[in-house]
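Undergrad: Sequence:
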Amino acid sequence: MTLFHELFLAQTDSLSNLLSNKICTAVKEEATSALLAYDTANLNIKTWAEEDRPREKLLLKGKSALSDAELIAILIGSGTPKLTAVDVAKLILAAVGNDLNELAKLTVKDLTKIKGIGEAKAISIVSALELGRRRKETTAAAKTRITCSTDIYNYIKPQLLDLPHEEFWVILLNRANVVMKKESISSGGVAGTVADPKMIFKKAIEQLASSIILVHNHPSGNTKPSAADIALTKKMKEAGQFLDLPILDHIIFTDSDYYSFADEGML
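Start counting the sequence shown at 1; every next residue gets the next number (our numbering).
It is worth saying that the hints were derived from the structure and are not from the lab. Each hint should be verified, as a subset may be incorrect.
Simulated crosslink set (EDC-like; lysine to aspartate or glutamate; CA at most 16 Å straight-line) [as the list claims (entries may be wrong)]:
{"#": "1", "residue 1": "K224", "residue 2": "E183"}
{"#": "2", "residue 1": "K90", "residue 2": "E102"}
{"#": "3", "residue 1": "K157", "residue 2": "D257"}
{"#": "4", "residue 1": "K203", "residue 2": "D257"}
{"#": "5", "residue 1": "K90", "residue 2": "D68"}
{"#": "6", "residue 1": "K157", "residue 2": "D244"}
{"#": "7", "residue 1": "K198", "residue 2": "D263"}
{"#": "8", "residue 1": "K237", "residue 2": "D263"}
The structure presented is a predicted model; accordingly, all values stated were derived computationally and were not measured.
All chains should be modelled from the sequences, with the hints used to inform the complete structure.
TA: Dropping the structure here:
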């Protein structure tokens, strides 16, 4: 074989290898694109079976058939390039230990810290939870007769549930112990709030109430009354006796329990 033939074959082999490398690269790129397209398609809820899509599932099977994550997915509407709306909803629930009561405590700012949740989606979630709270409040707003401390707890629950700060409320009753009005007296921090006895009795007299119930919450979850709680209750009791406006009870509210001064013989 001549030197010319050897050089020609060497160049041919080199060209062949170069083409092979280009072909391999092209094949890899095409395969990668196909895989990405497949993954993206699977991340799109629209590609799911109809009975598995949250909105369609609600129409086909009813709202009770949906999981919490699926209901939240409907609220937020869409996910991210790498997460479906259901996946994002699961991240939200995981952030609160799958506890809807804890979810209701989150602010728009809190929610936007979760991957896939912007301000608009956070507002949708907060608004939906607020509607649920107001529904409970509307149910409780019907004429309510107070017969025991549990009645008080259930009545005031829509106002105080999930609050991260203390609030002081009064419930004004007529002679039949039917609620005439409930009203917020003050709002404070995590550690406490201030209640002005003069303001409380002024409101009761204006409404021609026959008796008063005091309620405030402890965001810490501890129902034990503080020294300030005990002192205020004693002061209110004495003033109520003088004005012929008895304090029937003072409830310390937490999300899962309560303390009743009346039940404990403190009134």
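Undergrad: For each hint, tell me whether it holds in the structure or not.
TA: To see whether the hints hold, each was checked on the structure:
no. : hint        : result
1   : K224 / E183 : violated, 23 Å
2   : K90 / E102  : holds, 14 Å
3   : K157 / D257 : holds, 11 Å
4   : K203 / D257 : violated, 28 Å
5   : K90 / D68   : holds, 9 Å
6   : K157 / D244 : violated, 28 Å
7   : K198 / D263 : violated, 25 Å
8   : K237 / D263 : holds, 15 Å
Hints 1, 4, 6, 7 from the earlier list are contradicted by this structure; the remaining hints agree with it.
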